[in-house]
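There are 2 protein chains.
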Amino acid sequence: MKDVNNPFGIGKKIEGNNFIGNAYLLSLANADWDENFSVSTVTFEAKARNNWHTHPHGQILIATDGIGYYQEENKAVVILKKGDVIKCQPNVKHWHGASHNSSFSHLVVMYAPSNEAVVWMEPVTNEYYNEVSK
Amino acid sequence: MKDVNNPFGIGKKIEGNNFIGNAYLLSLANADWDENFSVSTVTFEAKARNNWHTHPHGQILIATDGIGYYQEENKAVVILKKGDVIKCQPNVKHWHGASHNSSFSHLVVMYAPSNEAVVWMEPVTNEYYNEVSK
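First to last, the sequence lines map onto chains A and B.
For the first sequence, the numbering used here assigns the number 1 to the initial residue and increments by one for each residue that follows.
For the second sequence, the numbering used here assigns the number 1 to the initial residue and increments by one for each residue that follows.
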């Protein structure tokens with residue numbers, strides 16, 4: 001990957017239909033004393049992003065490298081850079097990913113049963129991505 | 001503070017008797033939907049460290065800058081650098097802090113009621129610190 005400096009590592013490419021573009025996931029720590037509690041890192045190539053989704057139990061994002069976007073439904077895109085923290089409130093529809101010209105990485109901190117971590121929805125189309133982030 | 005580059009900020013000096021040397025705490029995110037769930041960052045000046053302690057509900061540490069030490073009772077000191085992750089198992093006695101010649105910062109991820117976050121114990125004396133980390 002170009003221009004990525006994720007100190008926590010890159011991990012494996014995320015397969016499936018919940019992302020547009022290339023993104024990578026590395027699990028950093030599952031708390032073996034409490035399986036609901038986990039820390040991982042996600043790295044997006046430039047322009048890559050996940051689909052709209054919600055977290056029934058919320059999620060905390062901590063930006064660690066590059067320039068990214070975060071958007072909640074009916075709100076403006078927030079630009080994220082290293083050190084920024086986002087609290088994804090439970091059941092608030094949103095997406096996140098990299099900006100046009102830079103990769104982006106963040107830590108993901110979750111406290112949720114694995115089968116209640118995320119509810120995936122429709123893709124963030126190229127047209128929409130280009131429109132809201134121009 | 002010299003030689004500290006904590007992208008998440010430094011925060012306020014930690015007062016009280018549970019640390020030797022200067023250390024700083026900044027709360028990054030309390031999950032307002034679940035008060036047990038929090039992310040913060042701690043920054044230690046060189047040689048600063050916390051007392052021996054345990055976490056009844058465990059804790060995850062993610063090193064973000066500098067060179068630090070982590071030690072569990074009856075084990076060798078582990079040297080920590082940016083990107084390293086430590087799982088503090090529930091009720092395992094340990095301490096952490098900066099190395100001799102470098103400050104150190106880490107993220108702290110907790111899932112615990114605030115009054116059950118930590119059980120503080122005796123200090124890590126200068127003699128002990130110097131002996132185990134030489």
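Check the hints yourself; a few may be wrong.
Since copy identity is lost for identical chains, a pair holds within one copy or between any two.
Stated by the list, open to error - Derived lysine-lysine pairs resembling DSBU-like cross-links, with alpha carbons at most 35 angstroms apart: (1) Lys87 to Lys13; (2) Lys93 to Lys82; (3) Lys93 to Lys75; (4) Lys82 to Lys134.
Note that these hints are calculated values from the structure, not bench results.
Checked hints:
1. Both within a single protomer and between protomers do Lys87 and Lys13 lie at most 35 angstroms apart by alpha-carbon distance, with minima of 25 angstroms and 25 angstroms respectively.
2. In the homo-oligomer, the alpha carbons of Lys93 and Lys82 lie at most 35 angstroms apart both inside one protomer (23 angstroms) and across protomers (32 angstroms), since each shortest distance falls under that limit.
3. Taking CA atoms no more than 35 angstroms apart as the test, Lys93 paired with Lys75 passes inside one copy only; the shortest distance there is 10 angstroms, against 46 angstroms between copies.
4. Taking the shortest alpha-carbon separations for Lys82 and Lys134, both the intra-copy value of 21 angstroms and the inter-copy value of 34 angstroms come in at or below 35 angstroms.
Violated hints for the displayed structure: none, as all numbered hints are satisfied.
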